[in-house]
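Enquirer: Protein chains in written order, with this note's numbering: chain D, 1 to 262; chain E, 1001 to 1262; chain F, 2001 to 2262; chain V, 3001 to 3262.
No lab work stands behind these hints, which were simulated from the structure alone.
None of these values were measured; they are calculated from a predicted model.
The C-beta atom is built at its ideal place from N, Cα and C for all residues, glycine as well.
Heads up, some of the hints might be wrong.
[As the list claims (entries may be wrong)] Here are the computed lysine-lysine pairs in the DSS-like style, where the Cα-Cα straight-line distance is at most 27 Å: (1) D/K92 - D/K224; (2) D/K92 - D/K202; (3) V/K3179 - V/K3011; (4) V/K3015 - F/K2179; (5) V/K3179 - D/K11; (6) E/K1092 - D/K261; (7) D/K179 - E/K1179.
[What the hints assert, rightly or not] Examples of chain F residues lying across from chain V (beta carbon under 8 Å, computed): (8) S2071; (9) Y2171; (10) M2192; (11) A2200; (12) I2204; (13) G2205; (14) Y2228; (15) W2258; (16) I2262.
4 protein chains.
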Amino acid sequence: MGNKKNEIQWKETPKGKIFFQLLLPLLAEFFTTFLHTFWGSMAGIPSTPTHFSALNRTVTTQEWAADYLLSGLVPAMQAGFAVWMLIVGFFKICVVHFNPAISVGFLVSGDLSFKLFLPYVIMQCMGAIFAAFIAQTLRGEMLVPFYISDDANIPAIFFCEVITTGIIIFYTLAMVVDKSYDQATGPLAIGMTVFQGILAGKWIGAGCLNPARWFGPAVMAGGKAWNYHWVLWVADCVGAAIFAVFYMSFFAPADRVWVMKI
Amino acid sequence: MGNKKNEIQWKETPKGKIFFQLLLPLLAEFFTTFLHTFWGSMAGIPSTPTHFSALNRTVTTQEWAADYLLSGLVPAMQAGFAVWMLIVGFFKICVVHFNPAISVGFLVSGDLSFKLFLPYVIMQCMGAIFAAFIAQTLRGEMLVPFYISDDANIPAIFFCEVITTGIIIFYTLAMVVDKSYDQATGPLAIGMTVFQGILAGKWIGAGCLNPARWFGPAVMAGGKAWNYHWVLWVADCVGAAIFAVFYMSFFAPADRVWVMKI
Amino acid sequence: MGNKKNEIQWKETPKGKIFFQLLLPLLAEFFTTFLHTFWGSMAGIPSTPTHFSALNRTVTTQEWAADYLLSGLVPAMQAGFAVWMLIVGFFKICVVHFNPAISVGFLVSGDLSFKLFLPYVIMQCMGAIFAAFIAQTLRGEMLVPFYISDDANIPAIFFCEVITTGIIIFYTLAMVVDKSYDQATGPLAIGMTVFQGILAGKWIGAGCLNPARWFGPAVMAGGKAWNYHWVLWVADCVGAAIFAVFYMSFFAPADRVWVMKI
Amino acid sequence: MGNKKNEIQWKETPKGKIFFQLLLPLLAEFFTTFLHTFWGSMAGIPSTPTHFSALNRTVTTQEWAADYLLSGLVPAMQAGFAVWMLIVGFFKICVVHFNPAISVGFLVSGDLSFKLFLPYVIMQCMGAIFAAFIAQTLRGEMLVPFYISDDANIPAIFFCEVITTGIIIFYTLAMVVDKSYDQATGPLAIGMTVFQGILAGKWIGAGCLNPARWFGPAVMAGGKAWNYHWVLWVADCVGAAIFAVFYMSFFAPADRVWVMKI
């Protein structure tokens, strides 16, 4: 540690720049999306429980509660906490996206360069595939992917994803674009936009919010897992772009807000 | 960004003042109440489960637990987290109320001018109506409004709302009026006054705490949703006024506390 | 507000001293213990569910889960959050105890004068009684007090209360005695010692942790609610004293730790 | 308190050094591991519920939900909160490990000297044994240990423990090695790595994450509690070492990261 000054200067050498500005962020995208998908895939219930619509009888309060706990409250808490944990765990390492929709949002706000967009998304998908592979191997059973049935209301899922994913990006930009942001519970609030988004999407079959995280399980499960999978990618990225434009237009700090530049 | 100084000066131009002091806060009221109502309406269970009083038998522990989870714990966590998230998400944009009772509290403390009160409440109601419309369209079924039955104990609901909504305003003022307030978990504590308020109101049919948030679903549902709806508005605003006076009289910082001015 | 300087000087006048050093803390004790007891009494389930021991058959997983949710998880979250909320809500007003055991702890550490101890405990009990009266009136049914049955294992309850209540005091002193304490989630951790204490006491019938908060419902319910009620007072205050001595002896900051003064 | 200067100098005397650099940290290891094991052992359900695999019929949604609540969600919240609480409660006293795997991680990063490693682990085990003894005495029934059945998938448990325990160490180092770390919710995120780890391990029988915490109940229960117990020790310490090397190699701050030293 005697040569600390040398090492910080190292950051400015050609090799240091490649590591800290390219390799480390890409490795972090891979690792954070791996963790997100690993935690989620390991915690998921082993198989989809009976669908109430097939029961042909009145559903009891107890059945509603059991279903809401397993496919609403617990996944929402698990994923919501995970997003916040990844933000604060890597806070001093680099800005981590672990979600193509977040990358789209940073593209719009100008905080991510175009040439890094594709490498980021590729590392996210690879991390998710690797996590799904490990999770499926450890559990010894097929993972349950984000499955959209043939009779699902696709426009409703699309618009719900646009709004709920868009809000994640709105919150992320509000705390990253505004350099004066100083609320200690801010990163937890970003995570809990996922909590709210999963509860909001539950009853209509939406609540993906991150296409890369669900790309991994889809690759492992195959077949019907690809049913309308593209809808998740399009809806989440379109929602990210719309809400990023909305934030930058009216809510960004005075020196960057677009409405002032007209 | 080279003209940053110019843009900050822009804030002081006539057009800048109109945007930052009037249009932005009103847009934020609309958007935050939209989010609050959207998240809540999307997460709510599709239909009211069987009422235990109609069962004519001993209610089992499992039925109590299922009911408490669906109509107590989950709505309390969902709404409590939402209130905190709206506070910290818009922290650097502007002070957001998204609740007519909060606006009443700020009127009493002198932190909101009288001429802005009505525009604020109108934007809140419009945001809630728009959210309820979107949620009902996406879900394709009638939203469950805040329903007060004909045989409800109206005085009990009224006084419970006065206390629980009043505490929200007490907490809000304690953290906004006192400029030296510095606890990082303070905004989360404001949100959790809603968590406590919903659990407190559950067994007697109270727990509204925000008349604008429930005005939207009432407009969409119509009919019996308007049953005693005015009680929620009166109780919540009266509670806000009482607890704002209570806070300002005894608990405000030494330079503003009313007991010192007599 | 032009006479702000005058008003701060007012704090040093005889009338100002009486208000800020005596009346305000006593009012705060009354109000915080009122809130604690009100929230808890309103959220409690209406009646004790069937005791499993009376069932004379194997208890199913679903029955365990329902019981744990109603009498473990939800009360623990409700009370744990409430304690943290009262600390941060009144952070800039004055140090609030709302628990005789905390007052005992501050007596031991020297942060509460002997002559204020009794007035504090009286205000706590009055706040709890008033809250229990309001809650019972609003709900229109008997509150469920902290009931110790005749066949309870009193020594086990006693020692469990000593440890779990003692830890609350240990945490409180660690954050109040050490003036350099700076963790933003510290007050939430104090609150969650109650969460852990209620879960720890659940299976053996302990988990009171605050005799004043349960004194109110006992006054309203009467009769068997007084069964061994004194055990709660003795155990919680003894636990507070033991853990306060333990903290001050070994864990207090270097300038106050007792082991250094021998 | 007039001799405060003397007492701080006392820290540098031979006796003061022994207390603050050796006895206090060892006492803190004993006490924190005691608390962790005590809270966990007291909160656990009294006996293992029926295993679904023995039911020979389709498991209902309600049974899944009850099982997940009792053996997934509640233990994960209880232990996750406990870890965070121990970190922030002892924040100004000394760095507490209360987990042999954390001690291994600090060995790798160079933040714990080799000669302190064994004393730390011994104090951790003694704290856990004492807590298990107290908990078993208070509850008057056998504690449920971390039981690995003979037909368990040992390699899956091993690798799951390596990853989930490793992530705890990764998070701990990211917040301790990097002296500029400043996120207020960071310690809570460390705790929630345990929340995620328990949910991740639930379905395959993993989720120990701390061999000392489960050593205590194993000593008290004996017999089949020792089944594959060594796997937990080896997997958790190996995972800690691997992820500590991973963190130090690529993610540590520029002046300590190993990749820069090649």
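Enquirer: Tell me if the interface restraint on F/I2262 is satisfied: Cβ within less than 8 Å of some Cβ in chain V.
Expert: violated, 10 Å
Enquirer: Classify the hint on F/A2200 as holds or violated, based on whether any CB of chain V lies nearer than 8 Å to its CB.
Expert: holds, 4 Å
Enquirer: When the nearest CB of chain V is found for F/W2258, is that gap smaller than 8 Å?
Expert: Hint on F/W2258: violated, closest Cβ of chain V at ~11 Å, above 8 Å.
Enquirer: Verify the interface restraint on F/Y2228: the C-beta must sit less than 8 Å from at least one C-beta of chain V.
Expert: Not OK, violated: F/Y2228 not within 8 Å of chain V, min 16 Å.
Enquirer: Holds or violated: V/K3015 and F/K2179, Cα atoms, limit 27 Å.
Expert: Within the cut-off at roughly 25 Å; holds.
Enquirer: Given the hint that E/K1092 pairs with D/K261, does the C-alpha gap stay at or below 27 Å?
Expert: Holds, at about 20 Å.
Enquirer: Using the nearest Cβ pair, does F/M2192 come within less than 8 Å of chain V?
Expert: holds, 5 Å
Enquirer: Min Cβ distance, F/S2071 to chain V: is it shorter than 8 Å?
Expert: Given a least distance of 13 Å, the restraint on F/S2071 is violated.
Enquirer: Do the alpha carbons of V/K3179 and D/K11 lie within 27 Å of each other, as the hint requires?
Expert: OK: V/K3179 and D/K11 at ~18 Å, within 27 Å.
Enquirer: Quick check on the hint: F/G2205 CB to chain V CB, less than 8 Å?
Expert: violated, 11 Å
Enquirer: Given the hinted pair D/K92 and D/K202, is their alpha-carbon gap at most 27 Å?
Expert: Cα-Cα ~34 Å, so violated.
Enquirer: Are D/K179 and E/K1179 close enough, with their CA atoms no more than 27 Å apart?
Expert: At roughly 21 Å apart (the allowed maximum being 27 Å), E/K1179 and D/K179 satisfy the hint.
Of the numbered hints stated above, those contradicted by the structure are hints 1, 2, 8, 13, 14, 15 and 16, listed in ascending order.
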